[in-house]
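If you want the building blocks of each chain, they are given just below.
There are 2 protein chains.
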Amino acid sequence: MSYSRPIDFKNGRVDLSHGSGGRAMAQLIRELFVRHFDNDYLRAQNDGACFPLPAGAGRMVMATDSHVVSPLFFPGGDIGCLSVHGTVNDVAMTGGQPLYLAAGFILEEGFPLADLQRIVISMAAAAKEAGVPIVTGDTKVVEQGKGDGVFITTTGVGVVAPGIELAPQRIRPGDKLLVSGYLGDHGVAIMSLRENLSFETAIESDTAALHGLVAAMLDAVPGIRSLRDPTRGGLAAVLNEFAEAAGCGMLIHEKAIPVRGAVAAACELLGLDPLYVANEGKLVAVCPAEDAERLLAVMRAHPQGRDAAIIGEAIVDANGFVQMETVFGGRRMVDWLSGEQLPRIC
Amino acid sequence: MSYSRPIDFKNGRVDLSHGSGGRAMAQLIRELFVRHFDNDYLRAQNDGACFPLPAGAGRMVMATDSHVVSPLFFPGGDIGCLSVHGTVNDVAMTGGQPLYLAAGFILEEGFPLADLQRIVISMAAAAKEAGVPIVTGDTKVVEQGKGDGVFITTTGVGVVAPGIELAPQRIRPGDKLLVSGYLGDHGVAIMSLRENLSFETAIESDTAALHGLVAAMLDAVPGIRSLRDPTRGGLAAVLNEFAEAAGCGMLIHEKAIPVRGAVAAACELLGLDPLYVANEGKLVAVCPAEDAERLLAVMRAHPQGRDAAIIGEAIVDANGFVQMETVFGGRRMVDWLSGEQLPRIC
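Heads up: the sequence lines are chains A and B, in that order. Throughout the first sequence, residue numbering follows full-length UniProt numbering, covering 1 to 346 in sequence. Throughout the second sequence, residue numbering follows full-length UniProt numbering, covering 1 to 346 in sequence.
None of these hints come from the bench; they were simulated from the model. All values derive from a computational prediction rather than experimental measurement. Accuracy of the hints is not assured; some may be wrong.
A pair counts as met if it fits within one copy or between any two copies, since identical chains are not told apart.
Said to hold, decoys possible - The calculated lysine to aspartate or glutamate pairs, modelled on EDC-like cross-linking and capped at a C-alpha distance of 16 Å, are:
| # | residue 1 | residue 2 |
| --- | --- | --- |
| 1 | LYS128 | ASP307 |
| 2 | LYS146 | GLU109 |
| 3 | LYS146 | GLU108 |
| 4 | LYS10 | ASP115 |
| 5 | LYS255 | ASP273 |
| 6 | LYS146 | GLU290 |
| 7 | LYS10 | ASP40 |
| 8 | LYS128 | GLU108 |
With the rest of the complex left out, here is chain A (with noise of 0.2 Å):
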């Protein structure tokens, strides 16, 4: 076998070498992800990547999440930005900056080389977008069949800025919740796929990095009690965990909730409920009522939160009850999703 030749991009696959820690794994690394991810610290090729500290940092964050959406590539987006989007927005729900990304892949073998430079194309734009770069990584090979084309598990560092406490203990009865626009748009483009559904306007996930909206946002109201992006499980388990930690009820109103008509009617055909869909570039953020107004101004002048709107408010409740005012009056709970709607979602 001969490493001299360039790797073949069109045609090649991965195969088990790739993952052997000798000639074909290090030309992998070179060719594919060196050079799109393209930063000195992958460049200097050590175990793991140094950086300096911005000065004054007190406080970092960590965050991972490991991706296995099916299929791989949808419309919208594809594994390898939402790897990137996932990580990047973990660290800003926290309040912090995120400054580098971690990669790891487990790749079976026989994954077109084609798909996986795609990916990686992905990653890295989405990557130089958010300004995040992929420091440090690592790839395993698994045999066909004991895994499924690629996982990829992303972990962000990031910095916090003095004063900056963002928790869900933080709630207080009469605090209001926002949303940064429409939601279920990932979920349901990806169900679609699956299903094997087309609707006259084509439903595009959502994926994107939300940290610009999140610095912005902490800018202008510093005293947000706290942020999560409605990823598995929806704005449903999002209110629930909110209600679980604060000791409080979430009421929400149901003709506030912003969600496009075409998802509406997919969900309808699909048998979901879009509370309950994923998104990946939407966020859920609790704040004092008397800076909720300010809030949803300055999100909706950011690209990300042009759709942002108030839908509900936290309530006194003991029993921590998550319940939706209904577009016919009427309240119905929003209880956590028991069992699975929507398997590799992200």
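Please arrange chain B on chain A, whose structure you already have, making use of the hints.
Structure of chain B alone, referenced to chain A:
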């Protein structure tokens, strides 16, 4: 489905709901991960973990490693402790003091919860022994046949003390090469199990965290040029990386390389070369010749370096070849591993 009862860790199995973002996932996180990893960062159950930085820390290091070892349990360890040791060691090899770990789990539907619990307990014990808590994590579940039991990606962060600058580019001809103990134990333990070989003396994986040894070494010899743990690709891969980065040759002496008799015998039986076999609790160090004996003494005084040895030296060689002087007095080339010798060794 009721989740009011505790999880049945004796007879239960992973199902897709454990990755759904709903109640079942929250319960698994609480009753398994938070319980055993046991620290306040995890208990806060935020999207990421915030932690203070040690005062005066100039640089940070981040390293990540996906673990796909098969079988999951092996003599001397399992994927759980291995996933802690592997990443702690990657941080340590940069000269960093490991501080925190993140863990991403990719579980296969149907995987016995008893096995998962055993793995998590092993991780928890390894993290506790290393003094490096697992502060954040993620759990995904894939359908049966789309994974292989459990894959674990760990990411570690640490701080690098001012003045510590490890890099293979700093290696100079004349520098001495040291290893911290017997080579090949991990790879041979795994391969023996896979091939159903049994030996008179059981060969156990050497999986161990090396940051204590590294701290002692740097304390005694701050001028160490570079450190690497010879995992996939073994000693041969490390020496070839060193040679390539430093632009010089490497000469090792076969009779000086510590290999257990049982490992050498097993390698002969399995058609393996101990120089290419993975280790999970050993390191290779390069230092100026005048520091070598002192470094050796410090290593031997540490439990993880008891069987350390000086095995060779960097030499002038524009080709960057790695050569071994054999026990018969001749020299042979020690090239990169071509192809795949030992898939899924870590």
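Checking an output row: LYS10 and ASP40, CA cutoff 16 Å. Within, between, both or neither? neither (27 Å within a copy, 48 Å between copies)
Measure nothing new, just compare the shortest in-copy and cross-copy C-alpha distances for LYS146 and GLU290 to 16 Å and report within, between, both or neither. neither (54 Å within a copy, 50 Å between copies)
Is it within, between, both or neither when you check LYS255 against ASP273 at 16 Å Cα-Cα? within (15 Å within a copy, 69 Å between copies)
What label fits LYS128 with ASP307 when the C-alpha limit is 16 Å: within, between, both, or neither? Classified as neither; 25 Å inside a copy, 46 Å across copies.
Using 16 Å as the alpha-carbon threshold, which applies to LYS10 and ASP115: within, between, both, or neither? Within one copy only: 9 Å inside a chain, 40 Å across chains, cut-off 16 Å.
First find the shortest C-alpha distance between LYS146 and GLU108 inside one copy, then the shortest across copies, and answer within, between, both or neither for a cut-off of 16 Å. both (7 Å within a copy, 10 Å between copies)
Intra- versus inter-copy proximity for GLU109 and LYS146 (alpha-carbon distance at most 16 Å): both (9 Å within a copy, 12 Å between copies)
Between LYS128 and GLU108, at a C-alpha cutoff of 16 Å, which is it: within one copy, between copies, both, or neither? This pair counts as neither: shortest intra-copy Cα distance 27 Å, inter-copy 33 Å.
Going through the hint list in order, the structure does not satisfy hints 1, 6, 7, 8.
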